[in-house]
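The listed protein sequences correspond, in order, to chains A and B.
Residue numbers for the first sequence, in UniProt numbering: 1 to 697.
Residue numbers for the second sequence, in UniProt numbering: 1 to 697.
Since the hints were derived computationally from the structure, they do not count as laboratory data.
Be aware that one or more of the hints could be misleading.
What the hints assert, rightly or not - Here are the computed lysine to aspartate or glutamate pairs in the DMTMM-like style, where the Cα-Cα straight-line distance is at most 20 Å:
id : chain 1 : residue 1 : chain 2 : residue 2
1  : A       : 140       : B       : 217
2  : B       : 44        : B       : 120
3  : A       : 676       : B       : 88
4  : B       : 672       : A       : 82
5  : A       : 526       : A       : 320
6  : B       : 100       : B       : 82
7  : A       : 679       : B       : 358
8  : B       : 672       : A       : 227
9  : B       : 565       : A       : 674
10 : A       : 672       : B       : 657
11 : B       : 565       : A       : 192
12 : B       : 659       : B       : 452
13 : A       : 87        : B       : 571
14 : A       : 163       : B       : 675
15 : B       : 676       : A       : 129
16 : B       : 163       : A       : 129
17 : A       : 679       : B       : 120
18 : A       : 526       : B       : 647
19 : A       : 672       : B       : 548
20 : A       : 679       : B       : 647
21 : B       : 679       : A       : 674
22 : B       : 676       : A       : 227
23 : B       : 676       : B       : 548
24 : B       : 526       : A       : 102
25 : A       : 160       : B       : 36
26 : A       : 679       : B       : 452
27 : A       : 672       : B       : 177
28 : A       : 679       : B       : 674
29 : B       : 679       : A       : 217
30 : B       : 463       : B       : 452
Claimed, not checked - Sample of chain A residues at the chain B side, in silico, Cβ under 8 Å:
id : residue
31 : 177
32 : 181
33 : 221
34 : 226
Everything numeric in this text was worked out from a predicted model, so none of it was measured.
Note that CB positions come from ideal geometry on N, CA and C, so glycine has one too.
There are 2 protein chains.
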Amino acid sequence: MTGNRVPIANHIDQDLLDSNPTILDHVNDAFDLDYDAITLPFTKPTWKTRWQRYCVSNENDVNKGRARASYIAGKSENVVQDRQTAKEAEVWRLTRVYDKNEVNVSKLDECESIIAFASDWLELDSPDEGIRFDSEMALKQEVAYASYLSIHTLILPAPKNRKHVADYARSVMAALDSTSYLQLSVMIPVSDPAELEQSGVSPALSEFKGDPSSTWEVWDAIRTLCDYSPRLGLALDLGQPLPPPCALKRWSSEPTRQIIIPANAFVGNAKGYPVLSKSCQEFIKEQIKTLPTIVLTETYEGIHKSGGSKAYVQYLRYMEKLSNDSATSVEQFASGYMDWLQAPLQPLLDNLDSSTYEIFEKDPIKYQKYEQATYLALLDKEPNSLTRIAVVGAGRGPLVQGAINAVEAAAEGRRIHIMAVEKNPNACVTLQGRMDEWNESKIASVELVFGDMRIIELEDEQKNDILISELLGSFGDNELSPECLDGAMRLLKPYGVSIPSYYTSYIAPLSSTKLYNEVMHMGDAKNAEMPYVVMFQAVNILSGMDKESNRKAVQQCWSYKHPSKYEFVMDRNGNPMTNYHNTRAAHLTFTIPYAGVLHGLAGYFEAHLYGNVWLSTHPERYDKEMLSWFPIYFPINTGVYLPTNSEVDVHLWRLTDNKKVWFEWSVEVFVKADEKRIKINQSKLHNHDAKYNRIEL
Amino acid sequence: MTGNRVPIANHIDQDLLDSNPTILDHVNDAFDLDYDAITLPFTKPTWKTRWQRYCVSNENDVNKGRARASYIAGKSENVVQDRQTAKEAEVWRLTRVYDKNEVNVSKLDECESIIAFASDWLELDSPDEGIRFDSEMALKQEVAYASYLSIHTLILPAPKNRKHVADYARSVMAALDSTSYLQLSVMIPVSDPAELEQSGVSPALSEFKGDPSSTWEVWDAIRTLCDYSPRLGLALDLGQPLPPPCALKRWSSEPTRQIIIPANAFVGNAKGYPVLSKSCQEFIKEQIKTLPTIVLTETYEGIHKSGGSKAYVQYLRYMEKLSNDSATSVEQFASGYMDWLQAPLQPLLDNLDSSTYEIFEKDPIKYQKYEQATYLALLDKEPNSLTRIAVVGAGRGPLVQGAINAVEAAAEGRRIHIMAVEKNPNACVTLQGRMDEWNESKIASVELVFGDMRIIELEDEQKNDILISELLGSFGDNELSPECLDGAMRLLKPYGVSIPSYYTSYIAPLSSTKLYNEVMHMGDAKNAEMPYVVMFQAVNILSGMDKESNRKAVQQCWSYKHPSKYEFVMDRNGNPMTNYHNTRAAHLTFTIPYAGVLHGLAGYFEAHLYGNVWLSTHPERYDKEMLSWFPIYFPINTGVYLPTNSEVDVHLWRLTDNKKVWFEWSVEVFVKADEKRIKINQSKLHNHDAKYNRIEL
């Protein structure tokens with residue numbers, strides 16, 4: 001097991017702190033129990049009492065359940081405070097100083113392993129304007145004090161009032177602006193139980209209609225108002241029943257920094273030990289891949305019969321082990337590269353280095369498939385015949401080796417001659433070194449040709465029966481396979497075979513705060529104008545299968561076939577005179593079953609090699625062990641809100657000017673109302689003027 | 001008459017050009033007829049013939065009405081071209097050269113006074129991908145040739161196919177990117193007659209239900225995809241019937257560079273002369289304020305009995321005169337400042353210079369109203385009494401003079417003592433110069449006090465009955481009137497009167513490509529984070545009166561009253577200890593009857609001076625002759641699309657930290673579907689971290 005350790009924190013409540021106010025004792029106890037940190041309330045009830053005396057009158061409004069702010073200098077209509085209190089309140093507003101007995105933490109050395117909960121009685125979204133403003137002031141005081149103590153994260157109480165979510169968000173933004181390093185997390189319940197009940201869904205049911213989205217929608221409103229501040233995170237509270245998977249998966253693309261699991265979210269197993277429900281296990285197993293801090297609360301309350309207070313953390317450590325053990329080859333291979341934006345390779349422009357080849361050659365699937373495809377192609381040749389094969393882009397030789405293996409398996413007197421074409425002079429040295437070994441074979445001969453497959457000259461008798469290439473990028477055609485193979489068709493006899501014979505690009509709308517933030521906070525608007533290669537993790541595909549219109553969640557953009565069924569006008573070198581036949585345009589409509597924010601497009605490809613042999617990164621049918629391709633990500637420069645049951649039209653173009661190739665893209669959003677399709681939003685056209693991210697021919 | 005000359009162009013069609021191909025002759029003829037320019041088709045039919053031979057096969061698809069592109073090197077399925085033609089087509093795609101006889105213009109000196117129409121047969125939005133790509137290539141050829149000739153504007157044929165509007169826009173953007181100076185105008189019909197008919201509207205009817213918006217919506221999609229390129233304009237084609245005013249007013253906020261009026265859009269008057277319909281006259285009169293080029297076409301066709309071909313331009317010159325003559329004082333005063341973004345004044349921080357006072361004192365209305373209010377306030381005093389008046393912010397003395405005039409009018413033995421308070425030491429010199437003149441009055445005495453109204457000290461017996469101030473900004477409170485008057489209340493006796501006694505801020509959602517472009521193309525994202533003072537012209541208020549919910553188009557944010565009805569905690573100088581009581585929050589919902597793009601908020605104010613005397617910039621009841629205040633503009637950093645019948649929630653806050661005052665704002669958009677209110681979009685929070693645009697206390 002080589003996985004990561006998930007940080008887990010134990011929550012120390014006010015009662016425990018009152019019984020032993022020495023924070024370091026609690027930290028050390030937690031370490032002993034295999035925790036990594038503790039969480040605690042930042043302020044004491046004494047502070048609440050003082051704040052309320054200043055800012056809330058309990059006298060007149062007892063019957064309203066919640067008192068209104070009322071101070072002489074204030075905004076409220078009922079002035080009931082005495083002058084002395086009013087003056088103290090104004091002095092507080094000016095100075096904002098705690099008494100030592102109003103806070104639970106006061107020493108710098110206590111703060112290293114703690115996460116603090118801000119006062120849970122703050123009402124940043126109170127209907128009362130006075131209470132809102134005074135709550136914001138109290139929050140700023142906590143934030144300033146937390147910064148002073150170098151506390152790294154403050155968790156804010158959950159918003160309660162959808163109508164005043166903009167007020168809540170504004171206060172959060174003001175708090176963020178008032179410090180430089182402090183992280184703020186907004187506590188958000190994973191569901192609204194009232195909403196689940198209304199939808200007729202108990203958490204046990206898997207059938208579900210409708211979209212229990214209000215808690216996610218509140219979170220989305222806050223982070224959008226806060227302009228995706230990288231210091232704003234989400235503390236997901238699992239104290240409520242989990243919503244059905246369709247709604248749950250939405251959280252996977254959010255910046256979840258803490259997952260709060262109260263002890264009563266565990267169920268007792270047969271022996272009375274606390275365990276999580278199946279769906280909760282699945283959810284946690286996915287979530288912990290991004291290493292949020294798990295906050296366990298109420299562990300001392302004795303809610304479960306067996307295992308005691310440490311049973312919860314033990315169970316989580318067990319889940320961590322399960323998650324790490326079940327990681328796929330790709331996940332292990334890509335560990336550290338998850339959600340990491342890479343500029344796509346330009347192997348045509350740049351010569352790859354040997355270590356890059358080394359990584360690609362480690363793929364346990366790709367070369368097997370090529371070998372299998374070559375084998376099937378050779379089986380379709382007569383026994384006792386010679387087949388001429390061109391391997392274009394031979395690299396360090398894996399496809400050459402695969403072809404030799406294939407002819408040996410095909411047997412029955414079949415022989416091959418391989419023309420290994422490579423334009424990278426450095427890789428040619430490696431190829432030369434393998435020639436002796438290859439030419440030991442009785443049924444295969446290998447000839448090395450240095451040069452660009454579009455330029456090398458050859459005689460008619462040198463033409464080949466089979467052309468093997470591995471020029472595909474994450475989006476299929478994005479490393480210029482179509483253009484290179486156009487030029488390499490000269491190496492093939494009429495009716496010759498190309499492996500791959502055709503390939504198709506696929507696309508789907510995605511949501512990912514992580515990717516969006518990476519692109520938007522790189523400091524240059526141009527960064528939103530290029531596609532990236534990314535191993536997706538905190539990413540959610542927003543589109544769904546739409547049975548009515550037969551629309552798929554992941555849709556086909558376009559294909560390239562080799563040899564082409566069209567005849568081109570050729571130049572004197574036998575290459576197409578222009579590249580305009582390789583332009584493509586796609587206009588696709590996706591159905592969005594549950595509200596989300598579009599941050600870009602996910603691109604995949606599928607290639608037919610030969611017979612029944614395919615390569616695929618399509619999310620519904622990719623080979624989990626194949627390492628060679630991560631998906632591609634086309635960013636959109638503004639988060640585009642997609643309501644439940646909306647439709648998004650994606651436009652994507654592959655363009656060329658004969659010197660370069662590039663993609664442009666845009667989206668439009670529609671909802672259906674009164675049987676009509678109404679446009680509600682659209683993006684600009686992306687990448688129309690990007691100068692540096694075109695792919696050189 | 002001091003108005004501007006509206007540029008008018010005459011269209012020279014191909015027949016006229018064929019009869020006399022010397023462009024300069026046509027230009028000179030146009031000048032003689034009081035035109036400023038000519039328009040003409042840029043290419044000849046010979047070019048169309050060649051392009052079609054290359055790119056379109058007429059053989060197989062004659063019956064489909066429109067042929068498909070089909071070339072050997074191409075993308076189409078039916079390959080019918082001969083090899084020679086296919087080769088010529090590919091050579092064209094590579095080189096793109098005109099024959100001299102394929103273009104109407106070829107000399108630099110011909111181009112100064114012409115606007116060119118791009119080939120009207122280009123199908124940038126054809127359903128056929130091949131035709132689209134080849135049309136784009138032909139457009140780029142025209143654009144390159146136009147740039148070579150320094151032609152400043154090319155008018156593009158109207159888009160025809162909503163489904164492929166993204167393809168159209170992409171080609172336009174590519175054309176813009178391929179040049180640096182050339183302006184492109186997209187021709188858009190003012191309405192879709194089919195749509196008008198469907199809505200049961202003939203242009204004569206003023207009653208109208210529904211929203212004939214498709215031509216506007218197409219334009220909006222194109223310019224949004226093109227990211228509001230400042231080189232992209234609109235050529236509005238009045239060849240179709242005008243839609244009803246509600247839909248028509250939408251065009252007023254768009255960058256209309258040309259208005260195309262075919263002769264047949266004129267009707268014959270009693271004598272057979274061509275005139276425009278009443279609604280068309282109104283529309284043109286508004287539009288020509290922004291000086292688009294009026295393009296008259298078909299003037300030689302003899303469509304009207306009387307007046308000949310020059311009757312059309314004569315009529316337009318007559319309308320130009322009417323428009324200039326009817327300009328209001330404000331329009332004349334603000335000429336040159338229309339849609340010009342100004343940073344709001346900070347008179348508290350900066351001392352105004354004498355010329356600024358001079359401009360403000362020219363207002364023919366404001367000082368009359370102050371005088372009238374003071375007069376009414378004095379009438380409410382006993383005859384034969386002395387009234388003490390403080391004029392705070394006396395400036396160069398207009399309010400002092402007004403008070404003296406008022407007491408002379410009030411008569412009946414009333415006398416006044418004026419304490420003129422001014423913090424600007426330079427203005428105090430001017431005030432000193434007027435003292436002798438003022439003190440000549442038998443019933444008024446004036447005392448000059450140099451200092452900040454919040455700081456100057458005074459004895460109880462110096463306190464005043466009336467406090468007169470003119471501290472209001474474009475949004476009422478935005479020049480810190482509330483804070484200054486809080487401090488000046490010390491100068492007033494208990495139960496004294498403030499003129500103004502209260503003021504209210506108003507807001508409405510607006511659309512304006514002009515203002516949005518000004519803000520977005522100033523090069524610094526911070527520019528979208530501050531309010532501006534602007535005399536609106538190419539601005540459209542998007543909200544409407546909603547009778548069902550009783551929502552108004554322009555809504556009230558908040559008010560300030562002086563003296564306040566609240567008692568504040570005071571510091572030892574008699575000023576409020578903190579400024580937090582002057583914070584405000586507004587959450588307003590507007591109904592949007594017709595689709596539009598929100599580019600920001602328009603702010604106004606209304607102040608009650610005394611009795612029935614008001615100052616107002618509220619668009620439904622402002623005094624057209626009052627010059628002192630332009631509205632305020634709060635920008636939104638992305639154009640937010642508002643569908644027909646949507647609702648927009650506006651959040652606006654006035655905030656303070658005791659040192660400064662600033663505004664923050666945001667919007668959320670909703671539509672109603674299935675009786676539910678569904679969120680479809682929102683903005684970020686604006687101005688939360690802007691450091692330089694807060695108003696210093």
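Practice prompt. Below or equal to 20 Å on CA atoms is what counts here, so check residue 163(A) against residue 675(B).
Written response: holds, 18 Å
Fill in: Proposed proximity, residue 177(B) with residue 672(A) (alpha carbon, max 20 Å)
violated, 35 Å
Worksheet item: Within 20 Å, alpha carbon to alpha carbon, are residue 672(A) and residue 548(B)?
Response: violated, 23 Å
Worksheet item: Within a Cα-Cα threshold of 20 Å, do residue 140(A) and residue 217(B) meet the stated pairing?
Response: violated, 45 Å
Practice prompt. Decide if the proposed pair is consistent with the structure: residue 679(A) and residue 452(B), CA atoms, cutoff 20 Å inclusive.
Written response: violated, 55 Å
Fill in: Restraint check for residue 526(A) with residue 647(B), where alpha carbons must lie at most 20 Å apart
Measuring from Cα to Cα gives roughly 33 Å; hence the hint is violated.
Item to complete: With a cut-off of 20 Å on the C-alpha distance, tell me whether residue 463(B) and residue 452(B) pass.
Response: holds, 16 Å
Discussion item. Next pair to validate is residue 679(B) with residue 674(A); report whether the Cα-Cα distance is within 20 Å.
Written reply: holds, 17 Å
Discussion item. Next pair to validate is residue 676(B) with residue 548(B); report whether the Cα-Cα distance is within 20 Å.
Written reply: It holds: about 16 Å lies between the C-alpha atoms, which stays within 20 Å.
Discussion item. So if I understand the rule, the pair passes when the alpha-carbon distance is 20 Å or less; does residue 526(A) with residue 320(A) pass?
Written reply: Cα-Cα ~39 Å, so violated.
Discussion item. Please verify whether residue 659(B) and residue 452(B) have alpha carbons no more than 20 Å apart.
Written reply: holds, 16 Å
Worksheet entry | Holds or violated: residue 679(B) to residue 217(A), with C-alpha atoms at most 20 Å apart | Since the Cα atoms of residue 679(B) and residue 217(A) sit roughly 9 Å apart, the hinted pair holds (cutoff 20 Å).
In summary, the structure is inconsistent with hints 1, 3, 4, 5, 6, 7, 8, 9, 10, 11, 15, 16, 17, 18, 19, 22, 24, 25, 26, 27 and 32 from the numbered list given earlier, while agreeing with the others.
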